[in-house]
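> Chains as they are written, first to last, in my numbering: chain H, 1 to 144; chain Y, 1 to 331; chain V, 1 to 664; chain R, 1 to 130.
Keep in mind the hints are simulated off the structure, nothing from the lab.
Any given hint might turn out to be false.
Capping the alpha-carbon separation at 25 Å, the derived lysine to any residue pairs in SDA-like fashion look like this [to be verified]: (1) Y:Lys102 to Y:Gly306; (2) V:Lys460 to R:Asn19; (3) H:Lys127 to Y:Ala195; (4) V:Lys465 to R:Ala110; (5) H:Lys127 to Y:Glu320; (6) V:Lys402 to R:Lys22.
What follows is a set of in silico ranges between Cβ atoms, one per label pair, in the way DEER data are often shown [what the hints assert, rightly or not]: (7) V:Glu445 to Y:Asn294: 45 to 55 Å; (8) V:Pro527 to Y:Asn294: 24 to 34 Å; (9) Y:Ala45 to V:Phe610: 25 to 35 Å.
In this text, a Cβ means the ideal position worked out from N, Cα and C, and glycines have one as well.
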Amino acid sequence: MQVNEYKPLIVAFCCNWCSYAGADLAGNNRLNYPADVKIIRVPCSCRVNPMFILRAFQRGADGVIICGCHPGDCHYTSGNYYTRRRMALLFSMLDYLGIERERTRLEWVSAAEGAKFAATMNDFAEKVAALGENKRLEDLRCKK
Amino acid sequence: MQKITRDTLVSKAVSLLENGTVDAVLGWGKGEFAYDVTPTVFETADEIRENFVWNDFCGANFSKYLVSKTRKLEGKILVFLKPCDTYSFNQLLTEHRFDREKVYVVGVPCEGMADISKVKAITGDGISAIDFTDNGLVITTLYDDEPKTVAYEDILAERCVNCKSKKHVAYDELLGETGEVLESARFDEVAKIEALTPDERFAFWQGELSRCIRCNACRDVCPACTCEKCVFDNPNSGAENKAPANSFEEQMFHIIRAFHVAGRCTDCGECSRVCPQNIPLHLLNRKFIRDIDNFYGEYQAGAEVGTRAPLVDYNLDDLEASDVFERRDSE
Amino acid sequence: MQRIGVFVCWCGSNIAGTVDVHAVAEALKNEPGVVFSTDYQYMCSQAGQDIIKNAVKEHNLTGIVVCSCSPRMHEATFRKTAAAAGLNPYMVEIANIREQCSWVHKNMQTGTEKAIILGKAAVAKVNLNTPLTPGESPVTKRALVIGGGIAGIQTALDIADAGFPVDIVEAKPTIGGKMAQLDKTFPTLDCAACILTPKMVDVAQNENIRIFSYSEVQEIKGFVGNFDVTIKKKARFVKEEICTGCGACVEKCPMKKIPNEFNLGMDNRRAIYIPFAQAVPKVATIDPNACNMLKNGKCGVCSKVCTAGAIDYTQKDEIISEKYGAVVVATGFNPISMDKFDEFAYNQSKDVITSLEFERLTNAAGPTAGKLLRPSDLEHPHTIVFVQCVGSRCAACAEKGKEYCSKICCMYTAKHAMLVRDKYPDTEVYVFYIDVRTPGKNFDEFYRRAVEEYGVKYIKGMVGKVTPEGNKLKVQASDLIANKQLHIDADLVVLAAAIEPDKSARSLATMLTASMDTNDFFTEAHPKLRPVESPTAGVFLSGACQGPKDIPETVSQASAAASKVIGLLCKDKLTGNPCIASANELMCNGCSTCANVCPYGAITYEDKEFMMPDRTKALRRVAQVNPAVCQGCGACTVACMSGAMDLRGFMGSQIIAEVDAICK
Amino acid sequence: MHKDNTKLTEEIIRASGVNPKKCMKCGKCSATCPAYDEMEYHPHQFVYMVESGDIEPLMNSKSLYMCLSCFACIDRCPRGVEPAKLVEAVRLSVIRQQGKNHMTADDVPAKLSEDLPQQAIVSAFRKYTK
């Protein structure tokens with residue numbers, strides 16, 4: 001087993017107003033999390049199309065996490081409520097297809113929660129690393 | 001066996017066409033084989049008398065055709081809709097996809113439609129003639145001397161076995177009587193899959209989806225897929241793939257397609273009917289419907305015109321995405 | 001193909017300490033579109049910015065990637081730099097290699113690898129960037145205030161003082177609202193009329209303010225800076241310009257038994273009436289449901305006695321259309337109905353009243369001329385029971401009460417109790433409370449005075465049942481501290497009814513596409529940071545339409561709303577955020593899904609003729625995004641199935657390019 | 001504070017379907033209760049005692065059988081706490097634990113009276129019998 005060698009690839013979509021700022025705060029406070037996490041800035045978590053998530057998996061991502069403002073704190077008042085429904089359904093569908101449920105996550109991280117951002121990323125990266133490479137979505141169609 | 005007769009439908013169509021109520025009729029037309037029924041626009045009474053078909057293979061849902069047909073036609077078009085078709089009709093109206101004024105809906109009661117693959121499984125291939133009798137279908141094939149009788153209950157399509165409603169939710173006129181919304185077991189199959197282990201689920205779907213030849217029939221027939229241009233045909237969408245370049249794109253196609261119709265899919269079952277590979281695509285749609293019902297309260301797309309679909313709505317105390325599995329596993 | 005310049009910042013050792021900046025600059029040189037790549041100690045410094053400017057000129061750059069600190073820090077800086085070099089500012093993208101890379105990773109190798117990937121993602125995005133220009137729209141320099149209570153009055157006065165014309169639309173025949181019905185105000189106990197009526201006069205005399213009383217808003221179209229509003233001025237059958245408010249008509253009107261709304265039905269008015277002496281405008285109004293002349297054509301007394309000739313039985317509703325730059329909602333509140341609270345016997349006994357009715361009973365201009373007499377027999381009540389939280393904090397049943405705290409009841413009940421004990425020391429006063437909530441300047445002191453100086457009996461507990469028996473009200477209540485059930489024979493029971501938004505608010509919100517919460521209070525653009533604005537641009541919130549408020553809070557919110565309106569009206573043109581949604585009409589289904597999720601009501605639909613792929617022409621319904629209203633959240637882009645809706649600056653293709661670059 | 005009654009408390013909460021945490025301690029239940037003076041523990045105390053797991057004194061108290069199940073407290077509780085259902089649940093658990101009935105068929109004739117609706121006797125019999 002080469003679990004220790006394996007480095008997962010994680011894409012994090014962060015909303016500009018809360019979570020991206022939370023990630024910046026984690027940086028300001030020098031809170032470590034794995035370099036495997038790469039952040040993409042979006043104006044609001046509701047900008048994250050399920051298509052982006054699948055695209056990331058398609059191109060080899062092992063985990064995708066979406067971070068937005070806490071419910072009730074959305075800069076655009078309602079964006080994260082739509083995100084919550086969309087992701088709940090999408091995650092449930094991926095699980096239904098037999099894809100490991102730990103590969104996707106939706107988290108609420110405020111601009112003040114640098115520590116939560118780092119902790120979340122550490123935890124997520126650890127869980128994804130434990131799963132190993134993301135094969136299932138790729139293999140779903142080719143019967144071995 | 002359908003209770004309403006072809007003659008009733010034909011004379012209704014002919015009289016509405018002749019008295020000028022409508023200018024065209026959207027109905028089922030003769031195809032190459034007895035079981036092969038083709039959606040057809042009739043413009044004359046003679047065409048209707050000649051080619052109009054009404055039998056147990058008239059499964060096609062015409063709601064979707066109205067989007068393009070009403071655009072082309074100046075006057076009114078008559079459309080025959082079975083109960084499940086009327087849900088799609090309402091959903092399309094909710095989405096402003098055509099002008100209600102340009103359509104004259106005649107509701108047709110439906111006793112359930114036959115699934116040709118179930119028929120062939122019994123009789124074998126080479127069907128040359130079908131007689132519709134009270135006892136079932138009497139089928140003559142090229143390879144058997146004696147015609148075979150198959151009972152209706154053995155060949156009823158899955159979506160009709162689990163019929164969700166015999167109620168017409170939209171019509172201008174009814175032939176026969178409308179029924180009630182039914183208690184159906186349509187989610188049993190979904191629940192069964194949910195109860196499997198992730199590995200088993202994966203194996204199940206791998207088995208099903210690996211057969212996809214990406215013919216797009218499911219998309220083309222789906223009354224919820226009426227986009228002017230599909231994201232999969234659009235070079236700028238970032239998801240374009242007319243033919244799959246790698247295996248992964250297939251999954252993307254089916255997941256995204258199901259996601260795009262989530263909350264809008266009326267569960268008419270056309271996708272599974274037309275799939276040449278018999279992939280149970282309705283199980284993807286029903287999964288979303290079941291989740292929506294469980295997470296956000298029961299919702300039937302198309303039951304009424306103008307309702308707000310669950311994915312464009314929210315509650316302040318909605319289920320968190322992280323609690324989805326807990327909620328489902330606890331059931 | 002873009003010509004992209006990459007500028008890697010060291011940020012001293014902040015970045016260079018964990019990221020090999022030369023290696024990053026070198027690696028990014030090979031990315032598609034990159035024609036120039038360099039690194040420098042401090043890119044944000046003047047010298048650093050000059051490097052960028054020179055490179056733009058020298059290498060004819062069309063796009064810029066700065067690998068530096070967070071875009072939240074210096075995106076604006078580098079956009080300005082680009083603009084100064086003649087580039088469109090939106091051709092700049094930042095790769096965040098400080099907060100999200102060098103500061104969180106310790107190892108030089110991993111840091112450098114990640115920085116390169118982040119740089120690649122930024123390059124991939126810039127390759128798809130297009131120049132963006134913010135849209136502009138003109139501003140109509142006139143404000144509309146809907147509601148003429150203290151909130152509307154204060155907002156209108158403040159806006160008018162800044163020199164902008166304001167119209168107030170008020171549904172009642174006079175402005176003044178609920179405050180005009182109050183007797184004294186807490187915690188200072190000055191009389192409401194004494195402080196309100198001068199303000200009402202100010203409104204009437206201010207030449208920047210027009211009052212449309214007895215009117216309602218019928219239709220609102222348009223968007224921030226450009227609202228088209230239709231106002232229906234209901235016929236009052238009296239010529240407003242001519243009526244002098246002398247009141248002769250009122251005195252002579254034979255229809256005397258019309259319940260007087262201003263006194264909450266506790267006395268009567270005539271069919272022609274002026275709500276109260278200090279009404280503004282002080283003109284008479286004929287109640288068409290009560291006037292014999294209007295109903296049967298018999299009477300005409302008022303017309304005969306009016307020396308000014310102001311009566312006009314043929315007057316019709318008038319429709320006024322006006323343009324406004326800003327709309328202020330100040331529709332206020334009402335006490336909820338007590339019909340569902342049988343246990344308090346409100347409908348069985350005249351002596352069970354609400355607090356607002358109590359205000360009228362103690363008001364010098366009220367039905368008893370200020371003497372506290374019980375409504376049933378006009379006797380002095382000797383025992384009064386006040387019940388707090390009637391319908392407030394009531395989560396059990398939505399039809400009955402409200403889940404929220406109505407906020408003002410604790411204080412006005414303390415005021416009532418105190419005033420009673422002050423004027424009539426022989427009266428026993430009980431207040432049943434669940435909690436006494438008195439946050440506010442001098443509020444708790446006020447409540448304590450009621451207890452300590454005036455001897456009001458505050459009892460922690462609730463009234464369970466009120467039963468009228470003879471001329472008494474049997475009150476059964478709990479005292480939770482003494483752990484006893486109390487039975488009090490009261491003469492008067494006063495219910496602190498919960499307050500709810502005015503019924504007109506819901507339809508108004510629909511017209512404005514302004515969002516509301518489940519209780520029909522208007523939602524703020526941000527609960528903490530933008531409390532007086534609606535998420536719908538150009539719509540502002542004043543007073544209790546946004547949530548329960550007392551007078552000082554209402555007035556401060558009213559002035560805050562006014563200052564926001566003034567800020568808007570000061571501008572000649574509105575410059576929008578260019579990163580907004582836009583619909584590709586050729587792909588749009590016109591399905592309204594996007595409009596359903598838009599929190600700002602920025603999306604409308606139009607029928608347009610299109611050449612279809614089969615060369616026929618067809619009329620299709622397509623989405624139109626109003627650039628002045630869209631805030632660029634992107635909710636619509638995901639709701640849109642066909643992908644017709646896209647967000648400038650965060651296009652689907654750009655984000656996918658970033659994903660691809662990261663996952664390569 | 002109290003002896004560990006977690007299991008019993010949970011049982012009572014589950015049997016009654018009541019969430020005592022919703023209580024805001026206004027006392028309207030006690031204000032409204034017609035049997036208040038007969039009770040050692042009053043409705044609002046009842047809710048609080050269940051919430052804090054102080055069940056035993058309740059189970060040993062006569063208060064349980066003083067509740068008339070008139071449901072005035074349920075009707076008037078502004079938070080939808082439904083104290084009478086808690087009383088009922090505690091009553092039931094006493095009956096279950098003791099394995100005996102608080103009222104037998106033999107007790108009925110003695111209780112019959114002109115003024116008492118027969119229905120009250122029947123429902124009391126049901127309530128106090130396993």
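> Next, verify each hint and record whether it holds.
Hint check:
no.: 1; hint: Y:Lys102 to Y:Gly306; result: holds (18 Å)
no.: 2; hint: V:Lys460 to R:Asn19; result: holds (23 Å)
no.: 3; hint: H:Lys127 to Y:Ala195; result: holds (23 Å)
no.: 4; hint: V:Lys465 to R:Ala110; result: violated (33 Å)
no.: 5; hint: H:Lys127 to Y:Glu320; result: holds (19 Å)
no.: 6; hint: V:Lys402 to R:Lys22; result: holds (15 Å)
no.: 7; hint: V:Glu445 to Y:Asn294: 45 to 55 Å; result: holds (53 Å)
no.: 8; hint: V:Pro527 to Y:Asn294: 24 to 34 Å; result: holds (30 Å)
no.: 9; hint: Y:Ala45 to V:Phe610: 25 to 35 Å; result: holds (34 Å)
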